[in-house]
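Start from chain E and add chain D according to the hints.
Residues per chain, in single letters:
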Amino acid sequence: MSLALDKPRSPKRPAARRSNGELYSWLFMRLSGLLLVVLVLGHLFIMNILDGGVHKINFAFVAGRWSSPFWQFWDLAMLWLAQLHGGNGVRTVINDYARKDSTRFWLKMLLYVSMVLIISLGTFVIFTFDPNISN
Amino acid sequence: MTSAGAPERSGTTRGGGTLYRGDLGMWSWVAHRITGVLTFFFLFTHVLDTALVRVSPNAYDAVIETYKNPVVNLFEVGLVGAVLYHALNGIRVMLVDFWEKGAKYQRVMLWTVLGVWVLVMIPGFYFMMERTISDLVGGH
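If you're matching them up, the sequences are chains E and D in order. Per my numbering, the very first residue in the first sequence carries number 1; after that it's consecutive. Per my numbering, the very first residue in the second sequence carries number 1001; after that it's consecutive.
Be aware that a few hints might be false.
Heads up, incomplete: computed chain E residues facing chain D, CB under 7 Å, no partners named [what the hints assert, rightly or not]:
no. : residue
1   : R30
2   : N48
3   : H55
4   : V62
5   : G89
No wet-lab data here; the hints were simulated from the structure. Note that the coordinates shown come from a computational prediction; the quantities given were computed from them, not determined experimentally. Positions of the beta carbon are idealized from the N, C-alpha and C atoms, including for glycine.
Chain E extracted, bound-state conformation (with noise of 0.2 Å):
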């Protein structure tokens, strides 16, 4: 009777099929929030500090915002990188805290769900807003 060992350091199991998206998903994670820095502390100082802070902001207030396609790129800019960069975050820890596979999957999908949702919206209402619509 021979003793059967593998030979020492003998791969378990063939090689895992590598794909680089999590390297570029942490990647996207620094760039994304190095710009997220600019807008998102940019639009806060100017909406909720400068000039009387959110008591100044209404609808007349953002048709004058608007009426700039320097704001309307910095605000489109913001929730494209916001929703992936959150979206992204959220995603992460979903794969930390769910325990089943089931479960995991549909938190995921309920997320991407509200990532389409919100950018998709957010996207129509930038590009579609109206100064003159009625009351």
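Leaving out everything else, chain D in the frame of chain E:
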């Protein structure tokens, strides 16, 4: 804690002086997660309320009035505080990842993050709550 005969690997067990677990660095990560998730949930609501500009000026103005309520106003200070922490600590994370001395200075950088946070939030609180407080104490 360590009884006689315990394996000499106490550094890898709970409370045994690991570099990370239970240390300040772990709590900075916990706070980063919580502030991130809260901000993401708020963003969902915020895009929906802003979408009302596409319905009518009255509908938008009516909903924006709730943001001017004193209690909601206080929540906004909390939101700004959460986002500010997430932004500052995010810069710290990037420095740890990409700056050769980042890991060495991670603890100093965390205290810097907290210091800057306090320095910004004090005047921030004042400007965010100024109108609400003066209204509450009977100003005009």
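Here is what the structure says about each hint:
no.	hint	in the structure
1	R30	holds, 5 Å
2	N48	holds, 6 Å
3	H55	holds, 5 Å
4	V62	holds, 5 Å
5	G89	holds, 5 Å
The structure is consistent with each of the numbered hints, conforming to all of them.
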